[in-house]
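A.B. asks: With the hints as your guide, set chain B onto chain A.
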Amino acid sequence: MTLTRFVTKNAFRNRRRTILTVISISVSLLLLTLMMTIWRSFYIDAGPPESALRLITRHRVSLTFFLPSAYREKIRAIPGVVNVSPLNWFGGKYKDDKPENFFAQFSVDPEEIVKVYSEWQIPEDQKQAWFHDRAGCAIGRKLADRHNFKIGDKILLTGTIFAPFNPELTVRAIIDSPENDDSLYFNTLYVEESVPRWKGRAGTFAIRTDSAESVTRVAAAIDDMFRNSPQPTKTETEKAFQLGFVSMMGNVKAFILGISSAVVFAILLVSANTMAMSIRERIREVAVLKTLGFTRNGILALFIGEAVAVALIGGVVGILLAQGLVRGVANSPQGGMLQYISVNPPTMAVALLVAGFVGFVSAFFPAWRAAQLNIAEGLRHLG
Amino acid sequence: MAIPLIYNVRNLRVRMGATVMTALGIALTVAIAIFIMMLLSGLRSAFRSTGNQLDVMAMRKGADSELSSFIAHDAFNVIKTLPGVARDDKGEPLVSGEMVVAIVLPRADGTGETNVTVRGLTPIGFKLRDNLKLVQGRWFNSGQREVMVSESVKKRFAAEIGKTLAFGKGLWTVVGVFDASGTAYDSEIWGDVNQMANDFDRTGGYSVAHIRATDEVSADALTKVLADDQRLKLDGVAEVEYFAKQTRSGAPIQFVGTLVAIIMAVGSCFAAMNTMYAAVAYRGREIATLRVMGFNRPSILTSFVFESLLISLIGGAAAVVLMLPFNGLTTGTSNFATFSEVVFQMKMTPATVITAILFSAFMGLIGGIAPAWHASRQDILVALRD
Chain A
299 MTLTRFVTKN AFRNRRRTIL TVISISVSLL LLTLMMTIWR SFYIDAGPPE SALRLITRHR
359 VSLTFFLPSA YREKIRAIPG VVNVSPLNWF GGKYKDDKPE NFFAQFSVDP EEIVKVYSEW
419 QIPEDQKQAW FHDRAGCAIG RKLADRHNFK IGDKILLTGT IFAPFNPELT VRAIIDSPEN
479 DDSLYFNTLY VEESVPRWKG RAGTFAIRTD SAESVTRVAA AIDDMFRNSP QPTKTETEKA
539 FQLGFVSMMG NVKAFILGIS SAVVFAILLV SANTMAMSIR ERIREVAVLK TLGFTRNGIL
599 ALFIGEAVAV ALIGGVVGIL LAQGLVRGVA NSPQGGMLQY ISVNPPTMAV ALLVAGFVGF
659 VSAFFPAWRA AQLNIAEGLR HLG
Chain B
-7 MAIPLIYNVR NLRVRMGATV MTALGIALTV AIAIFIMMLL SGLRSAFRST GNQLDVMAMR
53 KGADSELSSF IAHDAFNVIK TLPGVARDDK GEPLVSGEMV VAIVLPRADG TGETNVTVRG
113 LTPIGFKLRD NLKLVQGRWF NSGQREVMVS ESVKKRFAAE IGKTLAFGKG LWTVVGVFDA
173 SGTAYDSEIW GDVNQMANDF DRTGGYSVAH IRATDEVSAD ALTKVLADDQ RLKLDGVAEV
233 EYFAKQTRSG APIQFVGTLV AIIMAVGSCF AAMNTMYAAV AYRGREIATL RVMGFNRPSI
293 LTSFVFESLL ISLIGGAAAV VLMLPFNGLT TGTSNFATFS EVVFQMKMTP ATVITAILFS
353 AFMGLIGGIA PAWHASRQDI LVALRD
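Chains as they are written, first to last, in the working numbering: chain A, 299 to 681; chain B, -7 to 378.
If we strip away everything but chain A, and leave its shape as in the complex, we get (with noise of 0.2 Å):
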């Protein structure tokens, strides 16, 4: 028999145990998982490549403050800026409050912010038939899904920031993007015709510039340009733009990392009640597999290999189980800002990392006194 053989011989000797543990351990590893998923889609992907090359401007006091919409030909002036679009939240209500009938919708240049997200795949007589209706809308892939929208259908919003306006819009076109977006991008000029206070204005402009290279100075210069003027901006990336979002719900930082630790302390506490009582159970094999010659040390390796194997098999559950949860956040209606996440291979491999760590810390206490018993003492032993 082969010590692989043994060791796996042994995790399965007591079928229900290794079952209710690995069961355990894989929903703490889910859970796990799912925070980490959260932090990186959060703190660290950088989110698509034209991502990178976007920037938003916004009212230097806060998103609720509007800039003259005369700042958009110069921006579009400064050397490094490709595309500018304004880019303003409309907050309008789809049916009612319920959370299921919210989604973002915006206000646009429709022929320019198909330059701005170039990364947007609309079939060209879609795009087309937006262009060339004021009232048309086009709407992320999601969106389309949730609600069953198709072309030629009809979306009537209740104006809440630009009540009494309620504009009943045409869905013209569908947007296909990596981001599986589901908002909704209308004509700003339809809302310019009817709400007279907002002519010449706008919420944030999007921006397109040349090169990678070029964003910090092209920031730097649109908020150089409006410093002293009585609506000063504010530009920063397309990323750090979506983490104020984050920052305002509260300390989240410290939530997942709080969240994480109680997961990462309860994985180990089960992993040890199991170890330690399986190896209680087998005070007297230790003896006598002492007898047969086996050292300290290879007493040892069987028992954490065996506590290792557990936890490494209620990882894979664990992260398998976590594939299929996110995917369903993602597309519930309070998914927010998760709608956009999925688990990556180097998030598994830590998920993965941590089960086998905690298998390992996990098991050594026990097994190190159970490799240091005395041999006639535990053949002596009632288990």
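To be clear, the hints were calculated from the coordinates, so they are not data collected in a lab.
Model, not experiment: these values are computed from the prediction.
Some hints here could point you the wrong way.
Said to hold, decoys possible - Each computed DSS-like pair below joins lysine-lysine, with the alpha-carbon atoms no more than 30 Å apart:
(1) Lys391(A) <-> Lys225(B)
(2) Lys225(B) <-> Lys396(A)
(3) Lys393(A) <-> Lys53(B)
(4) Lys396(A) <-> Lys82(B)
(5) Lys497(A) <-> Lys119(B)
(6) Lys119(B) <-> Lys72(B)
(7) Lys413(A) <-> Lys425(A)
(8) Lys372(A) <-> Lys161(B)
(9) Lys372(A) <-> Lys425(A)
(10) Lys216(B) <-> Lys391(A)
(11) Lys216(B) <-> Lys393(A)
(12) Lys225(B) <-> Lys537(A)
(13) Lys396(A) <-> Lys119(B)
(14) Lys393(A) <-> Lys425(A)
(15) Lys225(B) <-> Lys497(A)
(16) Lys119(B) <-> Lys53(B)
Unchecked claim - Partial chain A-side listing against chain B, Cβ under 10 Å, derived:
(17) Leu318
(18) Thr456
(19) Leu541
(20) Ala574
(21) Ala585
(22) Val627
(23) Ala628
Where a beta carbon is used, it is the ideal one built from N, C-alpha and C, also for glycine.
C.D. replies: Okay, now just chain B, sitting in the frame of chain A:
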């Protein structure tokens, strides 16, 4: 005949290691659930305690927050003359025209920037806020670039008296600290409405009018009058209702928290089950002896379920004790209705404690039933010979 409870207690003591580890695992799960509940009940109480039954807010038709609303001066003057509006002892109508904006300020603890609500108002506005206290310094003077901050804003953004805050078209000096008794106003910065309207180019009107009605019937009538008056193009909302609606800003916390608590609970149930199965296996002969002595199957079943419950309750109690220091801790999250941070105190309410204990008991029950069933079904002769 029931097995004495002391039998279970002593057994737990004998198997100290396993008991502590299982209870601690359950404690961690319950602690996370308590943490989420404390956040939510703190948030809820901040919004629930805001607003007076007699107060009505007038906002632009369709606007769903003070932030997106606008009321022109002439409409505001009409509101002052409406029937049912209360007056102060000088005969002034208790109608407060206020301007609400959100500004970005860096947090003092270096965890990034966040949006803060700035409210421009007049002394009439103070009269409409019950339980408003001046804690430090003085009220702001009208016509001056002066602001007052709440206790929590002072702490979170290092806005001590004498310091200046930069927003609008220049600097504002902090002259006072107020305490709004844990209401949503405790997340705000207050200053003179006319000064602020100038700074933010919002002259020509207010964002919102807070109106005190003479009695509840008039308050009800006012909401309807405001909505029906064709000149105004406004909506009337009961203040209490407006703030209660904002508790939904806790929805993301609730969603993530519930998900985490459920997943961890599943893990804890299986861990408890494992411990109990081991306890049953370990005491096979003992159980058989109990049966021989005349204890029947139901009493064995109850005894083991009780033992599992005991472990989980120890865990639940430990979690409550563990989380007690968090009670009263100030924290904040974003309120999407006002697009700014709402600051609140975490609260461990009796309901939280009861829910936590029930939650832990539930885990113990689920974890204990199968092993206890197994114990009560054991064949006496086989077990005795084991």
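A.B. asks: Against this structure, judge whether each hint is valid.
C.D. replies: Quick rundown of the hints versus the structure:
For the hint pairing Lys391(A) with Lys225(B), the CA-to-CA distance comes to about 19 Å; that is within 30 Å, so the pair holds. Between the alpha carbons of Lys225(B) and Lys396(A) the distance comes to roughly 26 Å, so the proposed pair stays at or under 30 Å and holds. Note on Lys393(A) and Lys53(B): the hinted pairing holds, with a Cα-Cα distance of about 17 Å set against a maximum of 30 Å. Restraint check for Lys396(A) and Lys82(B): not satisfied, since their Cα atoms lie roughly 45 Å apart, outside the 30 Å limit.
Of the pairs offered as hints, the one joining Lys497(A) and Lys119(B) is violated, with about 38 Å between alpha carbons and a cut-off of 30 Å exceeded. In summary, the hint linking Lys119(B) to Lys72(B) is supported, as the alpha carbons are separated by about 16 Å, within the 30 Å threshold. Of the pairs offered as hints, the one joining Lys413(A) and Lys425(A) holds, with about 12 Å between alpha carbons and a cut-off of 30 Å not exceeded. Proximity of Lys372(A) to Lys161(B) is assessed by CA-CA distance (about 22 Å); at most 30 Å being required, the pair is judged to hold.
Of the pairs offered as hints, the one joining Lys372(A) and Lys425(A) holds, with about 27 Å between alpha carbons and a cut-off of 30 Å not exceeded. Only pairs whose Cα atoms come within 30 Å are accepted, and Lys216(B) paired with Lys391(A) is accepted, the gap being roughly 22 Å. Our distance criterion of 30 Å between C-alpha atoms is met by Lys216(B) and Lys393(A), whose separation comes to about 23 Å. Between Lys225(B) and Lys537(A) the CA atoms are separated by roughly 40 Å; this puts the pair beyond 30 Å, and the hint is violated.
Between Lys396(A) and Lys119(B) the alpha-carbon distance is near 35 Å, which puts this suggested pair outside the 30 Å criterion. In summary, the hint linking Lys393(A) to Lys425(A) is supported, as the alpha carbons are separated by about 27 Å, within the 30 Å threshold. Of the pairs offered as hints, the one joining Lys225(B) and Lys497(A) holds, with about 20 Å between alpha carbons and a cut-off of 30 Å not exceeded. Taken as a hint, the Lys119(B) and Lys53(B) pair is honoured in the structure, with Cα atoms around 26 Å apart against an allowance of 30 Å.
A cut of 10 Å between beta carbons decides the hint on Leu318(A): the least distance to chain B is about 4 Å, and the hint holds. Given hint, Thr456(A) at the interface with chain B, holds; its Cβ is 7 Å from that chain's nearest Cβ, closer than 10 Å. The beta carbon of Leu541(A) is positioned within 10 Å of a beta carbon in chain B (closest approach about 8 Å), and the interface hint is therefore held. For Ala574(A), the shortest C-beta to C-beta distance to chain B is roughly 6 Å, which falls under 10 Å, so the interface hint holds.
Taken as an interface hint, Ala585(A) does not check out: its beta carbon lies about 20 Å from the nearest beta carbon of chain B, beyond 10 Å. About 8 Å separates the beta-carbon of Val627(A) from the nearest beta-carbon of chain B, less than 10 Å, and the hint is met. Residue-level restraint check for Ala628(A) is violated (minimum Cβ-Cβ distance to chain B is 13 Å; threshold 10 Å).
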